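*Asks:* Chains as they are written, first to last, in the working numbering: chain G, 1103 to 1383; chain F, 5 to 136.
The hints are simulated quantities; they were obtained by calculation from the structure and are not laboratory data. Keep in mind the model is a prediction, meaning the values are calculated, not measured. Keep in mind that a hint or two might mislead.
[Said to hold, decoys possible] Which chain G residues face chain F? A few, computed with CB under 8 Å, are given here: (1) 1188; (2) 1255; (3) 1256; (4) 1300; (5) 1338.
For glycine and all other residues, C-beta sits at the position ideal for the given N, C-alpha and C.
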Amino acid sequence: MARITAGVGVSHVPAIGVAMDTGITDQPYWKPVFDGFKKSREWIKENNPDVVFLVYNDHCTAFSAEMIPTFALGCAAEFQPADEGWGPRPVPVVKGHQKLASHIAQSVILDEFDLTIMNKMEVDHGLTVPLSVMYDQPEEWPCLVIPLCVNVVQYPAPTGNRCYNLGKAIRRAIESYDEDLNVVIFGTGGMSHQLQFERAGLINPKWDKEFLDMMTSDPVKASQIPHVEYLREAGSEGIELVMWHVMRGALDEDVVEVHRHYHVPASNTAVGHIILENRPK
Amino acid sequence: MATKKDYDDIPGTYVFDADMSRKGYHLNMFCITLRLATGREAFKADESGYLDGFPMTPAQKQAVLDRDWNEMLRLGGNIYYTSKLGACDGITFQALAAMMSGSTQEEYRAMMLAGGRPIEGNRYKSEWEGKE
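So here's chain G without its partners, still in its complex pose (with noise of 0.2 Å):
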């Protein structure tokens, strides 16, 4: 049967992707962000996931003003790194597991959970930047990935507690698949930002530090924080975090914290990284 072994939290903040792509890590702005990803990417390397499930949002790329669904999964056999006004990132062709997709499409829809289906989709920085902090630069992304894409740009996102509710499904869907797979789950965005107006450049560390010591040890009383919390708190577009619970819902309420790393600034954002892992049964 397929399983969720892991659980990732990410920052997917654009400038990450660009420093990759234009071979700046090194630079003395850039070290410390990238001396952080180096355990996780040693992590995954050894645990190998089959398939990534993966929860980030689209920055007003793939989804224009016309539509905007809460929830949208990913089913197309493979998705295109979109070019979000800079050109496309050099990255490679996403894969998806196309049968695991509509699986779990089927199984959460009939769980009350009703998502958009999406046949063909462009991925943006928010799916492509997670995978190249995992997976540095390979000629092909190791592992195949679904998708799912969640309006946090549109007030209200979905709530925590939903979001939260929603991993429960996804891992129950997950979990009933028939096929030998090892998969992890990315739940990606934040930490605190805000990238608009007279506010620009909030960082909340205290908090961002709060969010991450929840996410190991009280999950429940995470997906509870209320929207104007993490408007107020963690700036306008922290509320992105609310995609980290999607991850958490799905893993075992006791899990083993594995690696964290926390940095100031990546450009305009607070980097905040987590893995999680379920105790071996």
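Chain G is already provided as a structure; the job is to place chain F on it using the hints.
*Replies:* Chain F alone, transformed into the frame defined by chain G:
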């Protein structure tokens, strides 16, 4: 009854909610056409002619022509759309953030390297009253 907005007292912030989205719809739909090279080229060749292809308000068109980034937000623009206009001009997110928050590029970069804009004093509009 108007929708209650518990985020209205956050200073220096536009929350892109359904009201803002409705207001900014055509502005944002213009911006997203700049995502692709064909749109960027056509816009650069004739900015106001290109804008006339969108049912935007005169104020929205003027804000685009003036590159008045905060005015675009006020008129319903969202940063992920207006940043496409930024990219068209070769302006990064960080450079936009500096402009929107009224800093020079150097000041803003230094602020971020020193840990970012602190949360203390920046939670409530009341904390900004009387501030320059």
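*Asks:* Evaluate each hint against the coordinates.
*Replies:* Now for the hints, and whether the structure bears them out:
1. Given the 8 Å rule on beta carbons, the hint for residue 1188(G) holds: about 5 Å separates it from the nearest Cβ of chain F.
2. A hinted interface residue such as residue 1255(G) counts as satisfied when its beta carbon comes closer than 8 Å to some beta carbon of chain F; here the least separation is about 6 Å, so the hint holds.
3. The criterion of a C-beta within 8 Å of any C-beta in chain F is met by residue 1256(G), whose closest approach is roughly 5 Å, and the hint holds.
4. Taken as an interface hint, residue 1300(G) checks out: its beta carbon lies about 3 Å from the nearest beta carbon of chain F, inside 8 Å.
5. The closest approach between the C-beta of residue 1338(G) and any C-beta of chain F is roughly 5 Å, which is under the 8 Å cut-off, so the hint is satisfied.
Hint violations for this structure: none, all hints satisfied.
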